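**Q** Those sequence lines, one after another, are chains S and A.
Residue numbering for the first sequence follows this note's numbering, starting at 9 and increasing by one per position.
Residue numbering for the second sequence follows this note's numbering, starting at 1497 and increasing by one per position.
Keep in mind that the hints were calculated from the coordinates and are not lab data.
As the structure is a computational prediction, the values presented were derived from the model and not from experiment.
Where hints are given, some of them may not hold.
Said to hold, decoys possible - Computed spacing ranges between beta-carbons, pair by pair:
{"hint": "1", "chain 1": "S", "residue 1": "Glu94", "chain 2": "A", "residue 2": "Arg1592", "range": "46 to 54 Å"}
{"hint": "2", "chain 1": "A", "residue 1": "Lys1749", "chain 2": "S", "residue 2": "Glu94", "range": "18 to 26 Å"}
{"hint": "3", "chain 1": "A", "residue 1": "Met1769", "chain 2": "S", "residue 2": "Arg93", "range": "15 to 23 Å"}
What the hints assert, rightly or not - Derived DSSO-like pairs (lysine-lysine); straight-line CA-CA distance at most 27 Å:
{"hint": "4", "chain 1": "S", "residue 1": "Lys100", "chain 2": "A", "residue 2": "Lys1715"}
{"hint": "5", "chain 1": "A", "residue 1": "Lys1640", "chain 2": "A", "residue 2": "Lys1543"}
{"hint": "6", "chain 1": "A", "residue 1": "Lys1574", "chain 2": "A", "residue 2": "Lys1543"}
{"hint": "7", "chain 1": "A", "residue 1": "Lys1866", "chain 2": "A", "residue 2": "Lys1626"}
{"hint": "8", "chain 1": "A", "residue 1": "Lys1780", "chain 2": "S", "residue 2": "Lys100"}
{"hint": "9", "chain 1": "A", "residue 1": "Lys1838", "chain 2": "S", "residue 2": "Lys103"}
{"hint": "10", "chain 1": "A", "residue 1": "Lys1866", "chain 2": "S", "residue 2": "Lys100"}
{"hint": "11", "chain 1": "A", "residue 1": "Lys1821", "chain 2": "S", "residue 2": "Lys103"}
{"hint": "12", "chain 1": "A", "residue 1": "Lys1808", "chain 2": "A", "residue 2": "Lys1574"}
{"hint": "13", "chain 1": "A", "residue 1": "Lys1767", "chain 2": "S", "residue 2": "Lys103"}
{"hint": "14", "chain 1": "S", "residue 1": "Lys47", "chain 2": "S", "residue 2": "Lys36"}
{"hint": "15", "chain 1": "A", "residue 1": "Lys1521", "chain 2": "A", "residue 2": "Lys1891"}
{"hint": "16", "chain 1": "A", "residue 1": "Lys1767", "chain 2": "A", "residue 2": "Lys1780"}
{"hint": "17", "chain 1": "A", "residue 1": "Lys1866", "chain 2": "S", "residue 2": "Lys103"}
{"hint": "18", "chain 1": "A", "residue 1": "Lys1821", "chain 2": "A", "residue 2": "Lys1593"}
{"hint": "19", "chain 1": "A", "residue 1": "Lys1891", "chain 2": "S", "residue 2": "Lys103"}
{"hint": "20", "chain 1": "A", "residue 1": "Lys1838", "chain 2": "A", "residue 2": "Lys1715"}
{"hint": "21", "chain 1": "A", "residue 1": "Lys1808", "chain 2": "A", "residue 2": "Lys1866"}
{"hint": "22", "chain 1": "A", "residue 1": "Lys1658", "chain 2": "A", "residue 2": "Lys1626"}
{"hint": "23", "chain 1": "A", "residue 1": "Lys1840", "chain 2": "S", "residue 2": "Lys103"}
{"hint": "24", "chain 1": "A", "residue 1": "Lys1772", "chain 2": "S", "residue 2": "Lys95"}
{"hint": "25", "chain 1": "S", "residue 1": "Lys100", "chain 2": "A", "residue 2": "Lys1626"}
{"hint": "26", "chain 1": "A", "residue 1": "Lys1840", "chain 2": "S", "residue 2": "Lys100"}
{"hint": "27", "chain 1": "A", "residue 1": "Lys1891", "chain 2": "S", "residue 2": "Lys95"}
{"hint": "28", "chain 1": "A", "residue 1": "Lys1640", "chain 2": "S", "residue 2": "Lys88"}
{"hint": "29", "chain 1": "A", "residue 1": "Lys1749", "chain 2": "S", "residue 2": "Lys95"}
{"hint": "30", "chain 1": "A", "residue 1": "Lys1808", "chain 2": "A", "residue 2": "Lys1521"}
{"hint": "31", "chain 1": "A", "residue 1": "Lys1891", "chain 2": "A", "residue 2": "Lys1659"}
{"hint": "32", "chain 1": "A", "residue 1": "Lys1767", "chain 2": "S", "residue 2": "Lys100"}
In this text, a Cβ means the ideal position worked out from N, Cα and C, and glycines have one as well.
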Amino acid sequence: MGKRLSIIAIGLAFAALTGCATTGELEKVQSQQQLDSAKADQAVRDAQAAKAAADAAKLQADAAAARVENAIKLAEEREKAAAEREKAADEKAAKAEAIFQRSMRK
Amino acid sequence: MQRAPDAPLPYNLEQSSVPAREIEKNRFRVARGDEVIGRLGVIKLEKGDTLPDVARHFSLGVTAISAANPGVDIWVPKAGEQVVLPLRFLLPDAPRKGIVVNLATMRLFHYKEDKNALVVTTYPVGIGTKERPTPMGQMFVQRKVSRPTWYVPASIAEDHRKKGDPLPAKVPPGPLNPLGECALYLNKPSYLIHGTNKPASIGLNASNGCLRLYPENVKMLYDDTPLKTPVVIVNQPYLVGQDNGVLYLEAHKPQEGTGALELEKIYAKLKAMEKKGVRSLDWKKISEVQAEARGIPVPIEMGQGDGKEAEKPVAVEHPAKLYGKPEVPELRPDAWYVLAAKTKDETEALRLAAIINHQGPPIPALVLSKSEGHRVLVGPFDSSIAAKEAARRLKIDLEIDGIVIEPDKKI
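With the sequences and hints as input, model every part of the structure.
**A** Structure representation (structure tokens):
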């Protein structure tokens, strides 16, 4: 019985001794955990910010592409209109020339 | 589509330029064996020039100058634009005696002996239409008449009657006479070589089979041609000849319906030349020259690396005034006018005014530009009768419904 009590006492003393060391480590772990958590939060925030920036950039790129598309369409329309105008002018000139040549007959 | 005014021409020019009066345009000595005469010129256009005006000054027809300058607007070319003067000619394949006319090139060649040398004088001509073509073959000058009267042929009288423009049975000498100041009557009845009251028609298919010359040219031909002079009329759109050891091809747009046969003939001739083994021909070039039909002699041999060189065109100075160019009249508030057109397009207005100015007899026209557009005004006229007569001609000849404007009326 006495032997059992001494073993318990030694165990308690050891536990008390080792219990001090475990608390320090626990704090360290907790601190590390907090740091990791903060880092994770930051990473999430960074990821969210990056996504938001990417979304914004995509929107911008889409808008720019739409503007370019529109500009191309307008340029094509302008070119088509100019070609039509040139064709009409050429036809008018050819018609005027044909009338002129007829007028040169006796 | 116009060529840019500053775009270079596909030719190397001689470094020095010559005054317009010094470039040979009509009279050339022909040594035995010569097949090419004259030289190409290049001139820079000025504001208000038209190709018919440049053509007349340099004794060229309007088709010849426009074929040599594809893409250049006939009536409203750009100031500063360089145009080629196709004053280099391959002589037609015909006897070098009397008058030879090549319908395809719309050019007359008059051969004469001069102090034991052969001289050729050449002029552009206007020829018959598709419906009433100029006849080909051997003829001679039967009679010559200065200030001829025009006895209107029944077919022409009928055409005019249908247009609502009846003609008298005969037209006396004067500005309304289409024969101009001189006429050489050929032995083939009803066919003449004559002047014109429509100089802008030289180089066109516009006659009823006769050959027309510029007024200044027909006078020279008339004075220089005795009765019985032989006249040969040929149709040769493709001409081959050599000068200074260089072989040239000159291609013109063939008269309607004659292209295939003439092309076959010239290819046969060229193949025969090559078969003789003397020359190696550039067939790609030949095909290009034929397709472009610019009426300019082009070297057609493979690699001219034996010292032989095609002659370079010469830069010609613009004359102070182009011969025969219609004067654009001043605007006079006290005169009668005819409003021929209103348009927002300045080029269209300038073209119409130029066409009206080049009628025969001339009808004065100008462009009045305002912020809301451009008006083509015909006049000035001193009386309503003259204005109404101009309006009638505009309607009959150019299908224009003009509005007669009284003096002082706001235009």
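**Q** Just to be careful, I want the Cα atoms of A/Lys1866 and S/Lys100 compared with a cutoff of 27 Å; is the pair within it?
**A** holds, 22 Å
**Q** Just to be careful, I want the Cα atoms of A/Lys1640 and A/Lys1543 compared with a cutoff of 27 Å; is the pair within it?
**A** Violated, because 41 Å separates the two Cα atoms, which is more than 27 Å.
**Q** Keeping to a limit of 27 Å between CA atoms, is the pair of A/Lys1866 and A/Lys1626 held or broken?
**A** violated, 42 Å
**Q** Can you confirm whether the C-alpha distance between S/Lys47 and S/Lys36 stays at or below 27 Å?
**A** holds, 16 Å
**Q** Next pair to validate is S/Lys100 with A/Lys1626; report whether the Cα-Cα distance is within 27 Å.
**A** Judged against 27 Å, a Cα distance of about 23 Å means the pair holds.
**Q** Need the status of pair A/Lys1574, A/Lys1543: alpha-carbon distance at most 27 Å?
**A** holds, 7 Å
**Q** Between A/Lys1780 and S/Lys100, is the straight-line Cα distance small enough, at 27 Å or below?
**A** violated, 35 Å
**Q** Between A/Lys1866 and S/Lys103, is the straight-line Cα distance small enough, at 27 Å or below?
**A** holds, 25 Å
**Q** Please check whether A/Met1769 and S/Arg93 have a Cβ separation lying inside 15 to 23 Å.
**A** Violated, at about 48 Å.
**Q** Hint check: A/Lys1838 vs S/Lys103, CA-CA at most 27 Å. Holds or violated?
**A** OK: A/Lys1838 and S/Lys103 at ~17 Å, within 27 Å.
**Q** Holds or violated: are the alpha carbons of A/Lys1767 and A/Lys1780 at most 27 Å from each other?
**A** Status holds; Cα separation ~14 Å.
**Q** Does S/Lys95 lie within 27 Å of A/Lys1749 when you go C-alpha to C-alpha?
**A** Holds. A/Lys1749 to S/Lys95 sits at ~24 Å (cutoff 27 Å).
Against the hints set out earlier in the document, violations occur for numbers 3, 4, 5, 7, 8, 13, 15, 18, 20, 21, 24, 28 and 32.
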